[in-house]
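Student: If you want the building blocks of each chain, they are given just below.
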Amino acid sequence: MSKGLLKLNVNGREREDAVAGNTLLLDYLRDTAGLTGTKQGCDGGECGACTVLIDGEPRLACITLAASCEGRAVETIESLAAEGRMSRLQQAFHEKLGTQCGFCTPGMIMAAEALLRRNPNPSEAEIREALSGNLCRCTGYVKIIESVQAAAGGCA
Amino acid sequence: MERMPDFELKRAATLAEAVTWLAADPRAKLFAGGTDLVPNLRRGIERAAVLIDLGAVHGLSDIALTDTGLSLGARVTLARLASDVTIAQQAPALAEAARAVAGPGHRSAATLGGNLCLDTRCVFYNQSEWWRAANRYCLKRGGDTCHVAPQGQRCHAAFSGDLAPALLVLGAEVQLVSARGTRRIPLAELYRDDGAAHLTLSRDEVLSGVRIPAASPGLRSGYRKARTRGAMDFPLAGAACALTLRDGVLAELRIAITGTNSNPFLLAGCDEFIGRPADAEVLAQLGKRVQKQVSPMRSTVTPSNYRRLVAAVLAQRLVSELSATA
Amino acid sequence: MKLDQVSLRHGAAPATRSVGERTPLVDGIDKVTGRARYTADLPLGPTLVGKILRSPVAHGIIRSIDAHKARAMAGVRAVVTGQDFVAPYGVIPIAQNEWPLARDKVRYRGEPLVAVAAVDEATAEAALRAITYDIEILPAYFTTADARAEGATPLHESKPGNVERKVEQDFGDVDAEFAAADLVLERRYEGNEVYHGQIELDASIAEWEPERERLTVHTVTQVPYYLHLMLAQTLGLDEAQIRVVKPFIGGGFGHRVEPLNFEMITALLARAANGRVKLELTREETFITHRGRPATEMRMKIGLKANGQITGIDAEVVQRGGAYAGYGLVTILYAGALLHAIYKVGASRFRGYRVYTNLPPCGAMRGHGAVQVRFAFEALLDEMAETLGLDPIAVRRANLLTEIPYRTLNDLQVNSYGLPACIAAVEKASGWNERRGKLPHRPGLRRGLGMACSHYVSGSAKPVHWSGEPHAVINLKLDFDGGITVLTGASDIGQGSSTLITQIVAEVLLVPMQRIRLVSTDSALTPKDNGSYSSRVSFMVGNAALNASKALKRLLIEAAARRLKVTADEIEWAGESCGVIGTDQMLDWAQVVQEALVDSGTLTVKGTWSTPPETQGGKFRGAAVGSSAGFSYGAQVVEVEVDEDTGRVAVQKVWVAHDCGRAINPLAVEGQVQGAIWMGMGQALSEETQYHEGLPLRPNMLDCRIPTIVESPPIEVFLIESMDPLGPFGAKEASEGGLHGFPPALCNAIFDAIGIRLTELPATPDRVLEAIQARRRDERLRARRAATAAPAAATVEVQ
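Protein chains in written order, with the numbering used here: chain D, 5 to 160; chain Y, 435 to 760; chain W, 32 to 830.
It is possible that part of the hints are untrue.
Simulated pairs of lysine-lysine, DSS-like, Cα-Cα distance not exceeding 27 Å [to be verified]:
no., chain 1, residue 1, chain 2, residue 2
1, W, Lys650, W, Lys197
2, D, Lys11, Y, Lys444
3, W, Lys336, W, Lys375
4, Y, Lys463, Y, Lys444
5, W, Lys459, W, Lys684
6, D, Lys7, Y, Lys444
7, W, Lys493, W, Lys197
8, W, Lys684, W, Lys469
9, W, Lys559, W, Lys581
10, Y, Lys463, D, Lys7
11, D, Lys11, Y, Lys463
12, W, Lys332, W, Lys197
Chain W is faced by these chain Y residues, among others (derived, beta-carbon under 10 Å) [as the list claims (entries may be wrong)]:
no., residue
13, Asp440
14, Arg663
15, Met666
16, Val735
17, Thr736
18, Gln750
What follows is a set of in silico ranges between Cβ atoms, one per label pair, in the way DEER data are often shown [what the hints assert, rightly or not]:
no., chain 1, residue 1, chain 2, residue 2, range
19, D, Pro124, W, Gly420, 46 to 56 Å
20, W, Gly462, D, Glu128, 20 to 30 Å
21, W, Asp177, D, Arg122, 51 to 61 Å
Keep in mind the hints are simulated off the structure, nothing from the lab.
Small disclaimer: the values here were computed from a predicted structure and weren't measured.
Glycine included, each C-beta is placed from N, C-alpha and C at the ideal position.
Can you build the whole structure from these sequences, using the hints too?
Tutor: Right, dumping it as structure tokens:
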């Protein structure tokens with residue numbers, strides 16, 4: 005299979021890579037960009053573990069073609085911590101135990117990040133809807149909701 | 435992970451370019467959001483040597499409201515349909531249907547055109563290559579038996595898109611473009627009652643847009659979906675309704691169902707209820723009518739009789755709620 | 032030198048308590064930043080791609096496998112079959128009848144048949160396609176009835192009737208107890224087969240160093256030790272040649288508590304290829320690997336006195352076990368054992384059958400074999416309470432154990448029992464007495480409250496391998512840098528075991544947790560641990576950590592005493608500092624450590640623990656299963672709203688009280704209890720495996736119907752601390768007990784809402800609706816009969 009040159013922005017950094025047309029964004033991120041934070045949990049678009057942001061919108065990397073992201077800005081879990089500090093969401097998931105085994109966590113946090121960017125003070129129903137595509141098998145979601153609420157509430 | 439088949443991805447700059455490529459290459463398939471196609475490619479259900487990416491085509495994602503109606507480009511995402519103020523006001527059933535699809539990550543990418551052209555689904559079809567080979571494939575793909583109805587000659591895969599019924603009750607028309615020209619047909623004519631060949635559009639046609647005629651004054655519409663979980667699942671049954679009331683009686687009534695048959699369809703005989711109030715007797719009769727016209731088969735893990743019953747309940751509740759809105 | 036001039040060089044922390052503190056996970060930061068590396072993420076260098084060819088045949092004799100074309104392909108480095116393994120394996124030493132790749136026979140659709148290692152995925156796939164085989168088809172059985180029928184072909188020659196294990200356990204005189212009862216009721220129940228559904232896909236990376244003949248395996252296991260043994264056994268290696276490493280894993284729930292076929296396959300491929308092989312399973316393959324909870328048919332019979340006291344129990348349980356033994360005999364034993372140790376029982380009779388079927392093998396899943404039976408028991412108890420006109424909570428109260436410690440009929444030892452407090456807590460919090468029967472109903476939507484109790488072991492008191500070793504070992508290392516390293520074989524699978532161990536060590540030494548590092552699950556470095564299953568880690572490894580840190584503390588105090596020229600008794604220990612009681616003399620941490628290292632060098636301290644003999648159960652056959660050094664207890668109330676037209680059941684809220692002995696980490700305990708309740712909800716409401724002629728119909732994350740956040744209820748947790756005398760700081764398990772109680776509490780709530788008792792799980796909308804419609808039909812029929820009855824009838828039956 006022949007490759008094309010893919011130019012996109014990943015976590016704030018411009019990248020240029022030779023990528024086959026059938027490469028999934030998930031594999032591109034993990035294998036080419038070396039960002040293993042984004043996970044695969046299913047056979048295609050069913051669990052949300054691969055959730056990343058593309059131009060600020062939540063997307064499923066395992067059913068997205070890398071080539072279709074030409075010119076776009078992709079953000080993964082690795083982008084949230086800045087200058088040695090975790091983001092409010094990351095801090096909340098850690099302190100409120102929104103994470104247990106941690107496998108769904110990157111996707112869950114990115115979906116929550118997408119929510120808080122467009123809706124900094126979501127209701128519980130809005131949190132549930134925003135995370136409705138992310139499965140967790142450990143927490144029963146209770147402390148995930150509390151984590152998002154903790155990150156949203158209080159002063160910036 | 436299940437490996438993606440090899441294919442060439444071609445990014446069309448214009449719709450004209452896309453239809454030219456489509457006409458030239460019988461192995462080509464259209465690609466927009468990919469939320470239905472990519473899982474099917476990964477499973478080996480679909481094979482395409484060439485994918486024509488519509489992502490960069492100009493003018494396919496516009497929403498325009500005029501006094502004759504609402505014009506929607508096929509590439510408008512479900513997320514946009516779910517949140518756009520104009521859609522919420524002009525076509526509430528469409529907004530509700532869009533919000534009910536899958537999850538947020540899907541809705542950001544999935545498109546109006548893609549959802550209307552969603553592949554039919556069946557528990558014997560939406561499986562891996564290994565699984566389907568072990569089961570000797572099926573009538574829809576690669577085999578000669580429909581495992582849902584082995585004695586029969588047809589495929590019973592169910593149409594499972596949520597937008598179609600909403601657009602059917604809103605009287606939508608779709609625009610189909612090919613190298614041979616453009617045509618407009620009522621949405622209902624896009625579908626055929628055949629799980630293996632449920633779309634009437636030709637291989638070389640692109641669904642480029644949808645037009646919803648201006649709503650009659652006082653038109654109310656909505657969409658309700660039955661599924662076991664509260665998100666993600668395809669409909670076990672879905673019902674859309676558009677109605678108007680005048681002096682307490684129905685002046686207009688349209689109901690459409692998805693998820694039960696191989697095509698989404700408008701409920702026949704709704705006109706017989708014009709002039710009557712949406713009372714218990716009418717609801718009961720409507721329910722019976724829905725039960726008669728749906729034909730769910732064992733294409734899902736949920737028993738088909740349940741899908742029949744719940745389709746009727748959804749329709750009844752929707753008519754009741756829409757009639758009650760002050 | 033006046034000791035108050037001693038500079039506390041780095042600002043010694045005051046004496047710090049850790050046990051009982053709400054503590055974020057010691058590895059939480061790695062998880063939320065994406066730094067945590069799971070098996071598929073490990074940067075171990077270039078790897079070959081491993082892939083498995085799976086049998087499409089449910090039952091058959093392998094006549095031949097022809098892989099010569101695959102072997103000849105460019106880029107294919109190894110092709111292996113069942114013949115290339117040396118021995119079969121299994122987690123229970125007396126029941127090892129499974130080969131990592133099928134050998135001689137295939138017994139379920141999806142069973143691994145051949146495996147290849149190639150330079151890339153495309154080549155591996157092409158190699159598999161080039162393999163042909165000839166399998167002689169045998170009759171296949173997908174139900175227990177068919178498998179046990181007269182003349183059925185045995186799956187395993189040693190078990191001609193396809194029963195892996197028949198259990199017969201009788202305690203006391205059941206018939207006399209039934210005769211003495213005021214009400215005896217018998218019902219049939221069906222529990223569903225479910226998947227674990229952990230989000231991480233199965234994967235292994237194995238490396239064979241041909242020059243040194245050493246194997247290193249990185250894998251998703253919950254039981255590195257058992258895997259280590261089976262790698263040696265199936266590959267014909269010496270255990271010393273093998274190193275097993277468990278990195279971060281994305282959940283287990285029992286899926287990974289036995290050595291799994293793909294792990295041994297990866298290892299064999301690595302050796303055959305003389306290199307490094309990475310094998311990643313798809314979600315479908317992960318589900319086919321299975322080892323989930325078996326579908327279970329139950330006949331439950333209980334005798335009650337009019338005041339609700341249980342006289343006798345008679346239970347018959349049939350588990351549809353799948354094609355291989357795995358944990359099978361343990362699962363069926365748990366089904367009977369845990370009829371006891373929760374309520375007082377006059378007598379019991381248990382008949383259990385573990386049946387082979389041509390389906391993916393079942394195994395251990397959270398709560399193990401007791402879950403289905405607890406559903407049947409608590410549902411029947413509820414029905415009988417209603418018949419007797421008793422409140423369900425009152426009936427539980429009528430049967431509480433009153434004298435603790437308590438020895439059950441089947442020789443289980445109960446040393447702490449917080450169940451009364453659990454019941455009281457949820458009774459109050461849910462407003463049970465005030466609200467039950469008075470819940471607001473909306474048209475077509477009916478609300479109900481239901482409750483159930485449950486319990487579970489804190490680890491099995493008898494280990495799987497009776498090697499004479501302690502049941503848990505912890506090593507501590509303290510060196511010149513002043514940092515304490517905990518070395519443990521305990522597998523943190525997300526439940527927070529690494530955090531708990533760190534808390535215990537920190538608590539004993541009174542140092543901040545920051546001073547402690549934990550290294551786990553690398554067989555080259557860490558002491559062996561039996562694994563994370565049956566909730567043994569908090570209790571057993573926690574105790575070992577307690578003992579190890581006490582030993583370390585003793586050494587440090589002695590060193591301080593030497594340095595300060597006093598006796599050990601005169602030292603007041605404050606963690607990062609210590610002093611002489613009643614004086615100003617002080618030493619800081621660095622000084623104490625420095626003294627302790629003199630002559631000794633690096634301090635390495637070991638702590639061990641074993642279950643006391645009196646907790647190890649009785650002497651009858653199968654007695655080892657069910658025995659535990661500490662039982663957890665729980666009570667829960669579930670509130671539902673049932674849509675009578677769609678059959679949909681929406682759980683509004685769950686109140687759960689869990690007796691965990693002592694909450695070492697209340698935050699983690701809450702999280703585990705919530706997760707357990709919710710997993711019970713998944714089983715009770717929407718999850719189920721289904722098969723079509725032995726092919727799994729729902730092997731994906733859409734159709735298996737794990738609940739999403741949208742329909743998942745608020746779960747309020749109350750922690751009850753009964754302070755177990757044997758548990759570390761009094762702690763018992765927190766991760767499994769709550770699950771058992773949810774399915775019956777849900778069904779009891781559905782009854783409260785709509786007056787229908789479901790006896791089959793899951794309570795999907797179609798099943799609920801069917802039950803509602805069946806009742807409507809019955810009512811219409813009765814009404815019609817009453818209407819046409821002779822007008823002179825003397826009595827009218829009132830429903």
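Student: Look at each hint and say if it fits the structure.
Tutor: Cross-check of the supplied hints:
no., hint, verdict
1, W/Lys650 to W/Lys197, "holds (18 Å)"
2, D/Lys11 to Y/Lys444, "holds (16 Å)"
3, W/Lys336 to W/Lys375, "holds (13 Å)"
4, Y/Lys463 to Y/Lys444, "holds (10 Å)"
5, W/Lys459 to W/Lys684, "holds (14 Å)"
6, D/Lys7 to Y/Lys444, "holds (12 Å)"
7, W/Lys493 to W/Lys197, "holds (21 Å)"
8, W/Lys684 to W/Lys469, "holds (16 Å)"
9, W/Lys559 to W/Lys581, "holds (20 Å)"
10, Y/Lys463 to D/Lys7, "holds (19 Å)"
11, D/Lys11 to Y/Lys463, "holds (24 Å)"
12, W/Lys332 to W/Lys197, "holds (19 Å)"
13, Asp440, "holds (8 Å)"
14, Arg663, "holds (5 Å)"
15, Met666, "holds (6 Å)"
16, Val735, "holds (6 Å)"
17, Thr736, "holds (6 Å)"
18, Gln750, "holds (8 Å)"
19, D/Pro124 to W/Gly420: 46 to 56 Å, "holds (55 Å)"
20, W/Gly462 to D/Glu128: 20 to 30 Å, "holds (22 Å)"
21, W/Asp177 to D/Arg122: 51 to 61 Å, "holds (56 Å)"
In summary, this structure violates none of the numbered hints.
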